[in-house]
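Guided by the hints, dock chain B onto chain A, whose structure is given.
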Amino acid sequence: MSDKVNIRRLASGVPGLDAILGGGLPEFSFNLIVGPPGSGKTTLAHQIMFALATKERPALFFTVLGEPPLKMLRYQQQFSFFDAQKVSESIRFVNLSDEVSTGNFDEVLARITKEVEASSPGLVFVDSFRSVMLEARHQPQGTLSLQQFIQQLGIHLSGWQATTFLIGEYLSNTDPHPVFTVADGLLSLDQSIHRNSMVRQMQVLKMRGQPTRPGMQTFRISSAGIEVFPTALVRDDNSAALEPVGSRRTKARLATGVPRLDDMLGGGLPSGYSMLVAGPSGSGKTILATAFLAEGVRRGEPGVIVAFEQTPSQSRTRTIDDMVRAGQVGLINTRSLDLSIDEIVHHMVALIHKMKATRVVIDSLSGFELAVAPTFREDFRESLFRMVAVLSGLGVTVVMTSELEDRYTDLRFSPYGSAFLTDAIIVERYIEIDSHFKRVLAVVKVRGSAHSKEVRQFEITDAGIIIGDPLGDYEGLLSGRATLVPPPIKVVGRAKLR
Amino acid sequence: MTTGKGNLLREEIRTALAPRAGLLSADANVEATAATWRLVAAQLAPVIGARGLEVLFDRALHLTSTTYRWLAVSKDGSGSADPLPSLAECLLRQDPATAAEASYTLFLTFTDLLTTLIGESLTTRLLAPVWGTAQESAL
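Line by line, the protein sequences are chains A and B. With the numbering used here applied, the first sequence corresponds to residues 1 to 498, in that order. With the numbering used here applied, the second sequence corresponds to residues 1001 to 1139, in that order.
Please note: incorrect hints may appear among the correct ones.
Quick partial rundown of chain A residues pointing at chain B, CB under 7 Å, derived from the structure [to be verified]:
1. Pro68
2. Arg74
3. Phe93
4. Val94
5. Asp98
6. Thr102
7. Gly103
8. Ile193
9. Ser197
Which chain B residues face chain A? A few, computed with CB under 7 Å, are given here [stated by the list, open to error]:
10. Val1047
11. Ile1048
12. Ala1050
13. Ile1118
14. Ser1121
15. Arg1125
FYI, nobody ran anything at the bench for these hints, they're computed from the structure. Even glycine gets a Cβ: it sits at the ideal position worked out from N, Cα and C.
Okay, chain A solo, but in the shape it has when bound (with noise of 0.2 Å):
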C-alpha cells in the first residue's frame, strides 16, 4: 500500500544517536529523555535543538524549576554546538517557574498552550517534569492531576504539530510512571561510577514503530556534546556482515617482517586472519607487532595501530612513531581507564577507513583490559570477540599481542581464554639453557593450513628479530627448563650381546 503514512525521521545531530534509534528522531513524536541528575539530559536536549532548530521549524523550550536558566545558559555555552545566532531567532525559551509554584496544573498546561499557539514551534522541550512532579505535592483539589497534565500535553503536543521532549529524572525501575505509557519514545541517561572510573551509557527503551538497539550504549560528553558510540552489531546469519569476510580472505599471506617466520606460518599470515602473540613481559611481542606494520609500510599497506603501553617516544617503538609521525600508520594511543569497549572499536573502525588500512595491532590486550573501565570487565571477553568480529568483518588483517604470565608448570597461551578467538597463535617463552635465558617461539596455530610444529630459539637485535633453527637436541622448552635430549644408544655389538 502506497498510502500509508511515512514518518519522516529527523537527524539528531548527537553523533552515533540516529544509529541507536533506528533511523533518527520521528517527527511529531512525544518523547521522554530520563536520567538522575548530571547524566547529561539538558545537554542532550539542547544539541538535539540546536540540531534541528531553524526558522521554518523554531523551538521553544520551557524551563521548570529545577536549574536556574540562568545557570543552563551559562553552563550551555560552553558546549560547541550552542550558537547564540539561533536563541531568539529560532530558538525560544519560556520559563514557568512562576505557574508550577501555585501547583496548578491547569495554569502550566494554559501557559504552555498559549506559548505554543503563539509561536507553532516545531520543536518543543519541558525541561523537567520531575520537577513538576514535586509540585504535585502542592496541588490544589479539582485540578488536573499530573498524569492527567502529562497526558494532555502529549494529546496537544502531538496535535500541533510538534517533536516533543518531556526531560525528568527516572523515578523508580519497579514502578514505571503512567507517562511512559503515554510516550512514543523513552531514551534513560545514566551514569555508573565503579572506582575511579565513570561511565555514561544510555539505552532507548521504547521508540514507537523503529528498530532500536538494544542494551546500553556508552557514550562520553566532551566540548563538542555528547558523542554516543553504539555496540559493534555482529551479525549471527551467515549473510552481509560476514560476506565480506569470505571473498576478502582471498588465499593471499601478508608478509610479517619477520625472515623465517613467515615460512613457520607456512607462507605468512593469511589475509583477514587474527593473530595472537602471546608472551611474558620483554619477550619481543611488540617488536613483532611492529615489524608487521612496518612491512606493511613498505608494501604500501597501511597500518593501525592501538598502544595501551609503551608511549610511542619509548625507543623499542621508535620505529612506530616514525610510521605515525610519516602519516602511514594511524595511531590509537590511550591511557585512560574509563574506555567502553565499543568507544575504541569506533574510533579503531573509523582510523581504519580513514589510513585505507590492511593491518591492525593491538598491543596489548592485557593493557587493553586495564584501559577498559571496570564496569566493562565483566564482559571482557565477549566485547573482545565482538570486536574481533568487528575487524573481521572489515576484512583487515589484525595482530594483537597479549601478556602472559611466566609459568613453567602449564603451558597457556592467553589469561582471556581469547586464544580461540584468534586464526592463528605464535607464543613466545624465555627458557635457561646453559645457566642463560634465551628467547624461543613456536608457531601454535594457522586455522586452515600447515604450519611448522618446530621451537625456535630467536633473538632481539637491532635489525629486529632473528630466528634461529630449531633446537633439536633439547626437549622440555615450553616448560622453561631446557634439557638435553641424550644421544641415542648405540647397538654396535647388539648381536655379541645375544
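Showing chain B alone in chain A's frame:
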C-alpha cells in the same frame, strides 16, 4: 567589577534613558528608568524567570550602591517582586543629574552582570528588542 568597561550596550542604555524632549527633570528620569526596566523585564523574565530577574536586579543595585550610597535604601523596601516603586522614590530624592547618572550606572551594571553570566552575544541578543522599542518611544 569593572562597571561599563567594554560594555557594548553603553550607547543603547544612554539613549534609552535620555529624557524626552531634552528636559532634564527628576520626573522624566524616573519615567525613563521605569520604562526601560519594564522593557528589560519583559524580555528577560520569560527566559530566566521572575525570580532570576529579581536576583540579578538586587545584585546590580547592591553593586551600584557602592558608588551611590543612597540607592541602598531602596532595597530595604517591602521585598515585593516589583522593585520599581522604591527605586523611583530614591531617584526622586536626588538632583536630576545625579539621579540620571545613577540610573545609567545601574543599567550598565545590570547588563555587565548578565554578560558575565551568559556571555556578551546572548545578552546582546536577548536585550536587542529593548533598545529598539526604547528608541522608538524616545523619538
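Hint check results:
no.	hint	verdict
1	Pro68	holds, 6 Å
2	Arg74	holds, 5 Å
3	Phe93	holds, 4 Å
4	Val94	holds, 5 Å
5	Asp98	holds, 6 Å
6	Thr102	violated, 13 Å
7	Gly103	violated, 16 Å
8	Ile193	violated, 30 Å
9	Ser197	violated, 33 Å
10	Val1047	holds, 4 Å
11	Ile1048	holds, 5 Å
12	Ala1050	holds, 6 Å
13	Ile1118	holds, 5 Å
14	Ser1121	holds, 4 Å
15	Arg1125	holds, 5 Å
Taken one by one, the earlier hints fail for this structure at numbers 6, 7, 8 and 9, listed in ascending order.
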